[in-house]
Structure formats: structure tokens, C-alpha cells
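Chemist: Construct the complete structure from the given sequences, taking the supplied hints into account.
Residue numbering for the sequence shown follows the UniProt record's numbering, beginning at 1 and increasing consecutively.
Simulated from the structure, these hints should not be mistaken for lab results.
Where a beta carbon is used, it is the ideal one built from N, C-alpha and C, also for glycine.
Derived pair list, reagent style EDC-like, types lysine to aspartate or glutamate, alpha-carbon separation capped at 20 Å:
no. : residue 1 : residue 2
1   : LYS82     : GLU134
2   : LYS30     : GLU18
3   : LYS7      : GLU18
4   : LYS30     : ASP16
5   : LYS21     : GLU75
Label-pair ranges, simulated between beta-carbon atoms:
no. : residue 1 : residue 2 : range
6   : PHE78     : GLU134    : 15 to 25 Å
7   : ALA80     : PHE48     : 33 to 43 Å
8   : TYR22     : ILE63     : 14 to 24 Å
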Amino acid sequence: MSSAQDKVQNMIGQLDNELAKYPALDQLEKTTNVPKAYAAIGLVALYFFLILFNLGGQLLTNIAGFIIPGYYSLEALFSASKADDTQWLTYWVVFSFFTVIESLISVVYWFPFYFTFKFVFLLWLSLPMFRGAEFIFRSFMQPMLSRYFTKSSPVSKDE
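Modeler: Below, the structure is given as C-alpha cells:
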């Protein structure tokens, strides 16, 4: 039976193989003599630490809510599939809705570690493996907003 240390080393090896796709990280590894997997883990830990202790928490959570989905949205725009377009359009609707609600109520002052929870929530919304934005939209927003939108009347026609 393999030990926990073997499992961790295996996961670090997988991360290293994934990061090997990026030449800039190989160059960073050669320059600093720090394995790229350890550097990536360290940067993620630092990012989470800064959010946890609210050292730029609002900015860092908004960056996380924009960078990953922004990348996937651009990737979806350049793909032939329309399913991924729908997923990311749904994400941006949900993200915008929560951003507006967040600005209207000052929840930051009432809720300790708010930005930590927001960061985890944004990852859940945005990462394709969870499809959290789709869940929120289908469960809460669609039932509330569907009466205002009909499928038979598009906003614009491209004829």
C-alpha cells in the first residue's frame, strides 16, 4: 500500500508534467533553481493566504473571478461548440448579478472571512468541473426571471 507521501509525490509529478507545457515556467525553474511545481504551489498558497487575511482580498477575489472565466470564455468564443458559449454566458450573468448584489449590501462588514468564502464560491461558479453558475442560474435566477423573457422574441436579428 502506498503511503501518503508517495501519493503527494505522485500528484506533484502530475502537476510538474502539466506545468511543463509552459516554456516560461521552465525558464523560471532554471533561473531560480526552484521546481516549477513547488513554485506554483507556493504562489497559490500565498494567494490564498492574502485572501484569508484580507490583504487585498477584494481585488484578489475579483481577479480570480475574472481571469479563469475570462480565459475559458475566450477559448469558448474560438471553438465551434455552442454549449461552452452558453456555460460561460451563464457564468457572466451570475457573476454580474452577485457583484451588483454585493455592492448594494455591505456584507463585507458583517461576515468574517468574507473574501475567503467568496473566493471559494467563485471557483465553484467558474471551474468547468463543478458548473456552479449553471446550477445557480437554473435553480434560482431562471425561475425568477423567465417570465420577463420569451424564447420567441429575440432581442436582435442577424439577417
